[in-house]
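Trainee: What follows is the residue order along each chain.
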Amino acid sequence: MNKFLLVAVNEYRHRAARRSFILVLLAPLLIIAVATLVGFLSASAAIKSDQGVVGYIDPQNTLARAIAPPADASNAFKRFNDRASADAALSAGQILAYYQLAPDFATTGKADFYYWKNQPGSQVKRAFDNFAKTALVDDVNPAISERLLAGSNYILSTPDGARTFNDNDLFAIIFPLAVSILFIVALFGGASYLLQAVVDEKENRTMEIIITSVTPMQLMSGKIVGLAGVALTQVAVWLIAGTVVFQIAKQRFEFLQSAHIDFGFIILALVLSILQYLLYGSFMAAIGSVVLDAKQGQSWSSPVILAGMTPLFFFGVIIFDPNGALAVILSLFPLTAPLALLLRYGMTSIPAWQIIVSLALITLSIIGAMWMASKVFRFGMLRYGQGIKLSELAAKIKF
Amino acid sequence: MSTLQPSTSTSVSVSHLAKSFGNTMAVHDVSFEVNPGEIFGLLGPNGAGKTTSIRMILDIFKPDRGEISVLGGKITEAKKEMIGYLPEERGLYKDMKVEDCVLYLAVLKGLSRKTAKERAAAYFDQLDLTAHKSKKVNDLSKGMQQKVQVITTLIHQPQLIIIDEPFSGLDPINTRLIQDMLIRERERGAAVIMSTHQMYQVEEMCDRIVLINKGDSVLYGRVDDIRRQYADNTVRVTMRGDLPGIPGAIETSRKGNSHTLRLPADMPPQVALRQLADAPGITLESFELVIPTMDDIFVKVVSVT
Chain H
1 MNKFLLVAVN EYRHRAARRS FILVLLAPLL IIAVATLVGF LSASAAIKSD
51 QGVVGYIDPQ NTLARAIAPP ADASNAFKRF NDRASADAAL SAGQILAYYQ
101 LAPDFATTGK ADFYYWKNQP GSQVKRAFDN FAKTALVDDV NPAISERLLA
151 GSNYILSTPD GARTFNDNDL FAIIFPLAVS ILFIVALFGG ASYLLQAVVD
201 EKENRTMEII ITSVTPMQLM SGKIVGLAGV ALTQVAVWLI AGTVVFQIAK
251 QRFEFLQSAH IDFGFIILAL VLSILQYLLY GSFMAAIGSV VLDAKQGQSW
301 SSPVILAGMT PLFFFGVIIF DPNGALAVIL SLFPLTAPLA LLLRYGMTSI
351 PAWQIIVSLA LITLSIIGAM WMASKVFRFG MLRYGQGIKL SELAAKIKF
Chain R
1001 MSTLQPSTST SVSVSHLAKS FGNTMAVHDV SFEVNPGEIF GLLGPNGAGK
1051 TTSIRMILDI FKPDRGEISV LGGKITEAKK EMIGYLPEER GLYKDMKVED
1101 CVLYLAVLKG LSRKTAKERA AAYFDQLDLT AHKSKKVNDL SKGMQQKVQV
1151 ITTLIHQPQL IIIDEPFSGL DPINTRLIQD MLIRERERGA AVIMSTHQMY
1201 QVEEMCDRIV LINKGDSVLY GRVDDIRRQY ADNTVRVTMR GDLPGIPGAI
1251 ETSRKGNSHT LRLPADMPPQ VALRQLADAP GITLESFELV IPTMDDIFVK
1301 VVSVT
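Protein chains in written order, with the numbering used here: chain H, 1 to 399; chain R, 1001 to 1305.
Derived from the structure by calculation, the hints contain no laboratory data.
A virtual CB, placed ideally from N, CA and C, is assigned to each residue, including glycine.
Warning: the hint list may mix true and false statements.
Here are the simulated DSBU-like pairs of lysine-lysine, each with C-alpha atoms no more than 35 Å apart in a straight line [to be verified]:
#1 H:375 x R:1255
#2 R:1097 x H:295
#3 R:1114 x R:1094
#4 R:1062 x H:3
Stretches of chain R that chain H covers, calculated by requiring three or more beta carbons in the stretch to come under 8 Å of a beta carbon on chain H [to be verified]:
#5 1204-1216
#6 1234-1247
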């Protein structure tokens, strides 16, 4: 077997067999499972607490023609003549809360909201809004009033119809964000493994023996590929688990019925993730070969990792202006491009030229980073217990 | 164990090597040759340039000047599979099992996994490590780790073996075991370069040596020849009776019936022997030429240069 592959296989086996890897693999799944369960239970509890009768005081008779909701609806509405009777019903627990409509409610929608101890959730407000709307459209053609009450549902499409965006489809926005975060966690974890793998060779003092068996390039590339396998294993497990959970959740939650997974996004995410890993992996290999130990390695690598996470710091800007100058610049700059592109994907149709240019720039950066890393690696690999000055390093990296 | 094909060419040839690191001159002018089927001692005080010279031979560092030939020419990646190296800085993968570590390093040297496994089993048996092969390297004592390291150096039956302080951390029994292994390698036809500070081992094992001091090779040749070269015409005589006078000879020390005499430079030892043998009233028990130890020679040469 080719020596670079031998190193890669050994590195993969060594890392994947560790308990820490299993923990890193399962921890996010457990966290998501617990968070989902807690969220589901909270939502269920909230829904239950929002069910009941809601009162209202309507001095102007604005809602006289409002259509009562069906008997099986979560909320029913009862009119009170004054606050005294409404308060009495509220304190007796006969109603959840009540609205006191302002005299100009028909034009302003203003109302005061009174409740006893626990404020009801947004479900009550939505139900009352729907109830009030029926009063406003009761004299309109029933088909039109039904349409008006249902609200809008804009669907944006690219000219070729390749992609569509539904402004009610939260899943289309959240999914790329969630996947981006998972990929980043996996890949920065993988890059950190690589830093540790190189530092291990120095701390174990095995570097000198290994270098007389394989070239620095074979060693470095073998470790990069082996640990890429580790990171991709993590990602694959998470993707499979996520897909299974998604399919189950689709059956239970109505808002997911129309959701679908965009496999074009998955492929883009995988390609970007691999490229990002190779780029950051090269940096980590270089850092690992010049630091004294793992602790120093973490200090040196922090700025590099922060650079890669920069798009997250500008998350709001990217989400609200996905085609703006900042979003485009971050999508083209190699260190930030992968995450920026993934974040933008859910919000806009990214022009093909931006993706192509971005991939090309990342690839060129990888070649440069690996070249630099192999030079630094050869220089620093046998410096046990000795610090390295940046001036020494700069002198070694010569074109 | 297979025997290497005899070669008339040298295994390693180093000519006027020089290497500096910044303002520090690590090696100034070092030259020597190592032949197949010999144990060659690479000697010198700390910081003399031994390790740097070794690393240049192995292409870990590039020399500033000089020529290096390894196994008949410039070193290549293929030739590295024919070299076994045990560096001064010991290193094994602490978290790996012993057998896994040995097998990994062996396959990197070009052995098939099957062959590596068979040879590893034989070495484990020979060095009493079979019971420990499934333990993590970190769980072994220092001496056991040292033995594992020696296995990784020899398992692929290299043509050139470079071994730096092979006996450090070993008890006398294990020292003898490793010595025997290296001697067998020599008999197999491998060239063994051994760097050590233990001069008695140099006398026991090495055929030829080079002594490096402050970056220069200051002594080079066969151990016996060097020792004779530094012998100063001194004899040690054990006898009963009073020591007769020998013209020009000075008694330098005495211990019981043993007398150490420095003879005049122009007096062959046989002349002194004849005079003692003919002297009346004494019983001569032994007569030997005193050859200095490598330890004495090392101290003398390093102090002067």
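Trainee: Tell me if the straight-line CA distance from residue 1114 of chain R to residue 1094 of chain R falls inside 35 Å.
Mentor: holds, 23 Å
Trainee: Check whether the Cα positions of residue 1062 of chain R and residue 3 of chain H lie no farther apart than 35 Å.
Mentor: holds, 23 Å
Trainee: Examine the region 1204-1216 of chain R for residues whose CB is less than 8 Å from any CB of chain H, and state whether their number is three or more.
Mentor: Three-residue rule not met by the region 1204-1216 of chain R, so violated; n is 0.
Trainee: Are the Cα positions of residue 1097 of chain R and residue 295 of chain H separated by 35 Å at most?
Mentor: holds, 25 Å
Trainee: Tell me if chain H covers the region 1234-1247 of chain R under the three-residue, 8 Å CB rule, please?
Mentor: Since three or more residues must qualify, the claim that chain H covers the region 1234-1247 of chain R is violated, with 0 doing so at under 8 Å.
Trainee: Tell me if the straight-line CA distance from residue 375 of chain H to residue 1255 of chain R falls inside 35 Å.
Mentor: Roughly 63 Å between the alpha carbons, so the hint for residue 375 of chain H and residue 1255 of chain R is violated.
Violated hints, listed in ascending order, are 1, 5 and 6; each of the other numbered hints is respected by the structure.
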